[in-house]
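Engineer: With the hints as extra help, turn the sequences into a complete structure.
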Amino acid sequence: MPGQEGALPAASPDPVREAGPLEEAWSIFDARHLPYRLLMLGKMLDRISTQQVRDVASVSLAEWRVLAHIAVMGSRSASEVSVAALVDRAEVSRGVRSLEEKGYLTRVNNPRNRKSSLLVLTPAGADVYERMQQQRRAFYSVLTADLNAGELQMLDELLLRIARRADGLARERPFEGGTTE
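Residue numbers (the working numbering): 564 to 744.
Keep in mind that a hint or two might mislead.
Said to hold, decoys possible - Straight-line Cα separation of at most 20 Å, EDC-like style, residue types lysine to aspartate or glutamate; simulated pairs:
{"id": "1", "residue 1": "Lys678", "residue 2": "Glu643"}
{"id": "2", "residue 1": "Lys665", "residue 2": "Glu654"}
{"id": "3", "residue 1": "Lys606", "residue 2": "Glu586"}
{"id": "4", "residue 1": "Lys606", "residue 2": "Asp593"}
{"id": "5", "residue 1": "Lys606", "residue 2": "Glu654"}
{"id": "6", "residue 1": "Lys678", "residue 2": "Glu693"}
{"id": "7", "residue 1": "Lys665", "residue 2": "Asp618"}
{"id": "8", "residue 1": "Lys606", "residue 2": "Asp719"}
{"id": "9", "residue 1": "Lys678", "residue 2": "Glu663"}
No lab work stands behind these hints: they were computed from the structure.
Structural biologist: Structure representation (structure tokens):
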């Protein structure tokens, strides 16, 4: 109540926090369904990212992932990109082919393996990467604006722990365990 001691000030509407379809979808399953919630978040981020890379760089999200991995890791084989990006080799191959056609990547001989080639960014590819990185950094800042540095660090550590567990499960035979529900 206004004027009541200890009363909280009226909250101004925050469009990011207003109830809507997200909250409804999020509440269908409870916190025991964390993988489902992570998949939902991943899909939302993919949709936003797909639009952003298309608008800024005229590339698909799969092409962007290949381009970004080469920019960050340096020249690598398509196989190495596939392993690092945790994606199917065929997806990387399609991305490489398209990026070559656009003049963003080129292939050079691989001195470590004559059967494969190394992927190298062209100057045009490096320019696309730099332009896109500016946009991505701004997007990440907006996305994580409600988290302080400690929370971001904790989130990263917790996600890595979950990812390690998932990786271990994926390396084992198909999951046969019981359920916690």
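Engineer: Do the alpha carbons of Lys665 and Asp618 lie within 20 Å of each other, as the hint requires?
Structural biologist: Holds - the C-alpha atoms of Asp618 and Lys665 are around 16 Å apart, at most 20 Å.
Engineer: Take a quick look at whether Lys606 and Asp719 sit within 20 Å of each other, Cα to Cα.
Structural biologist: holds (19 Å)
Engineer: For a C-alpha distance cap of 20 Å, please report whether Lys678 and Glu693 respect it.
Structural biologist: Violated, at roughly 31 Å.
Engineer: Lys665 and Glu654 were given as a pair; does the straight-line alpha-carbon distance stay at or below 20 Å?
Structural biologist: holds (17 Å)
Engineer: Holds or violated: are the alpha carbons of Lys606 and Asp593 at most 20 Å from each other?
Structural biologist: With Cα atoms ~18 Å apart, Lys606 and Asp593 stay inside 20 Å; holds.
Engineer: For Lys678 and Glu663, compute the direct alpha-carbon distance and say whether it is at most 20 Å.
Structural biologist: holds (19 Å)
Engineer: Taking 20 Å as the top limit, are the C-alpha atoms of Lys678 and Glu643 close enough?
Structural biologist: Holds. Lys678 to Glu643 sits at ~14 Å (cutoff 20 Å).
Engineer: Holds or violated: are the alpha carbons of Lys606 and Glu586 at most 20 Å from each other?
Structural biologist: holds (15 Å)
Engineer: For the pair supplied as a hint, Lys606 and Glu654, confirm whether the alpha-carbon distance does not exceed 20 Å.
Structural biologist: holds (18 Å)
Checked against the numbered hints given earlier, the structure breaks only hint 6 and satisfies all the rest.
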